[in-house]
Structure formats: structure tokens, C-alpha cells
Amino acid sequence: MSKAYGIDLGTSTLTIYSKGDGIIYDEKNVIAVLDEKRVIAIGNDAYDMYGKAPDNISVSYPVQYGVIADIKNMNSMINLVFEKISEQHGRVNGGEFIISIPTDVTEVEKRAFVELIEESDAAPRSVKIVDRPIANALGAGLDVNQPTGVMVVDIGADTTEISVMALGGIVLSKLIPVGGNKFDANIINAVRKDYALVIGNKTAENLKIKLASAVRPKEDEISSMRVYGRDVISGLPVTKEIDSEFIYEAIYEHLMTIVDAVKSVLERTPPELASDIIDSGIYVTGGSARIKKLDRLLIHSTEQLINICDDPGTTVAMGLGRIIERPAFSKLAVKLRMPQLKD
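For what it's worth, my numbering labels the leading residue of the sequence shown as 1157, then goes sequentially.
Calculated from the structure, these hints are not laboratory results. One should not assume that every hint holds.
DMTMM-like cross-link-like pairs, simulated, lysine to aspartate or glutamate; straight-line CA separation at most 25 Å [unchecked claim]:
| id | residue 1 | residue 2 |
| --- | --- | --- |
| 1 | LYS1448 | ASP1467 |
| 2 | LYS1175 | ASP1466 |
| 3 | LYS1208 | ASP1314 |
| 4 | LYS1240 | ASP1177 |
| 5 | LYS1396 | GLU1409 |
| 6 | LYS1358 | ASP1201 |
| 7 | LYS1487 | ASP1299 |
| 8 | LYS1366 | ASP1399 |
| 9 | LYS1396 | ASP1204 |
Generate coordinates for the entire structure from the input sequences, incorporating the hints supplied.
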């Protein structure tokens, strides 16, 4: 069996699918570098250092808004990821690679994804790309090769991408700069304003995961969480109790931005495809698809059937897996065309 791998290089998480083995790597897309020279941790180990490291250790996300923002660190990280995979699952050298690419990126940014793998220690036999929405739809169990229209909403870390697809291509797509990180930022600002408490990104993310709801919680549904932070006035460490109604208020504005974008795409969808979407519904993926009662908000706002994918964080990687494992989908992955040089 030839070696083949699918790579979902997300802003928040790096996920890799291996032919015949399924997902073999699924960790935070984070790197920790000592004195700007030596990589000391990657993935979840590096994420554990986030917000805690001294000045001589830089902990960062090499991918921002879906594109590679730090080429040097991303190169170092992908080689260490391949090394880790090789130790656990056998060498990846000489394999075929498929990378998911956001649709709203430049040719230069696409080339950066391809070169990342081509120039890595994996020495790939070939590198192909597939539009991220296509992989998302496949991972949700849909057949994008059919003339039936499908709609996928991918709520990622930095962006939300809404796409309508049919016949193996993207008919409509809208990308907005709103995602899980914006929710976290709003929670941080709201806690500082109302509680005079400074909290970090990881604390905000935990509040979102445990308390966030897309629908205002009823009185008997309100839950709370004790958080630690720094008092704005005294500067001393303190604890505060934050409840789910407060978190709902903090993220509501960004949730409605996503809802408005979904409605905008629906309004532009050709009638023939719109009828398909009415029948099958809208599929929601991405890490923030896990927000409680998100389906209820979208049903109320769009009057459409809403399908929240079972494991929304790995849907893209599973879609890449279907391309690798199923010959019927293999043509959806293509080689990036090089620009023609003029005489």
C-alpha cells in the first residue's frame, strides 16, 4: 500500500490523516522556541506553556487567519511533527500528501502551503491541494461530486467560511474574520470591564468551552465557573465566579455576525441549489461548532435544518481521508499550477 497523508493545517490545530490508519496526529498548532534559536516543544506540550513562559521562551501559533504567518517556525514544527509520527507509525518519507487550502487566499499563500511540505524532511513523492470547504463537506459524509447542492459552515479559530458546493466545485463562498479567537477576546474584554479582572486567553477559552451558549440560558440552566486572574485595581491575584449568562452576552455579537453571513449566502444561492439545502440542511463544522445550542440559534435565524457534525474539529481531516481512501474522490485533489513565465 502506498503511503498517503492528508494535512489540515488549521490556525488552532494541526491534524494529519494517514491512509489505512485514520487520524494519526491531532494537536494544537503551537510551537515554543527558546532564545529565538531552539525549539523546545510543539503541539499540546507547547500549548501547555502558553501564557506561562518566561521572556526567553516564545510560544506562538505559526498559522494566523488560515494562512502561514511564520514560515521559519512552521518549517521547524512540521519537521518535528513528521519525526514524531515516524517514531510512532513508521517513516513518512516519499509519501503522497494532500493539503486543505482556504479558498480566500492568494496564489502566493497557496504556494507557501505546498512548499512547506515539498521542502520538508518528508521528501514527498507528490503534493496536492484541495479546497478546504470540499474536504469539510466530504468529512461531513456528503458527496460533493453529485449535482445536489450542499452548504457547509466552518467556524474556525480566526475565520468562519460559509460555502455552497455542487458537482465537485464551490458555487458560492464567503469568508468572515470571526471565529473562536474573537469569542475569547470578547470574553477577556467583558470580564475586565464588568469584573475588573484580567484573565488570559486559555482561561477565556475554558470559559467558552464550559459555559458558552448560543441561546440565552434559562434561569434554571445557568451554570458558573470559578476563574483566576489579576485584579485591575490592586494588581493582586483574585478569583471570581463567572456564569453562563454573562458569557452568552459576551459572545452574542459575534454569533450574530456569523448568522448574518449565513443568511447572506442563502440569499445569493441559486433556487435549484437552495431547494437541495432545504431538503438536506446546513452542515456546521469547526471547533466552535461545539458551542451549546448553536443549532437552535441557526434554526431560529435561517428556518433551515441544521446538522452539527459529530466531531467538528476533525471534519476536514476526515474529508481528506475520504479523498485518499476513495478513488471516486481522488480527482478533487489537484497539483497547484505554477505561474507561466513570460518571454
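Task: 25 Å limit on alpha-carbon distance, applied to hinted pair LYS1358 and ASP1201 - done: holds, 14 Å
TODO: Mind checking the alpha carbons of LYS1175 and ASP1466 for me, to see if they're no more than 25 Å apart?
DONE: Between LYS1175 and ASP1466 the Cα gap is close to 21 Å, so the pair holds against 25 Å.
Task: Pair hint LYS1396 and ASP1204, alpha-carbon separation not exceeding 25 Å - done: holds, 23 Å
Open item on the list: Check whether the Cα positions of LYS1240 and ASP1177 lie no farther apart than 25 Å.
Closed with: holds, 16 Å
Task: Holds or violated: LYS1366 to ASP1399, with C-alpha atoms at most 25 Å apart - done: holds, 10 Å
TODO: Given the hint that LYS1487 pairs with ASP1299, test it: the Cα-Cα distance must not exceed 25 Å.
DONE: holds, 13 Å
Open item on the list: Check whether the Cα positions of LYS1208 and ASP1314 lie no farther apart than 25 Å.
Closed with: Holds: LYS1208 and ASP1314 sit about 22 Å apart, inside 25 Å.
Task: 25 Å limit on alpha-carbon distance, applied to hinted pair LYS1396 and GLU1409 - done: holds, 24 Å
Open item on the list: Against the 25 Å threshold, does the CA-CA distance of LYS1448 and ASP1467 hold or violate the hint?
Closed with: Within the cut-off at roughly 14 Å; holds.
The structure shown violates none of the earlier numbered hints.
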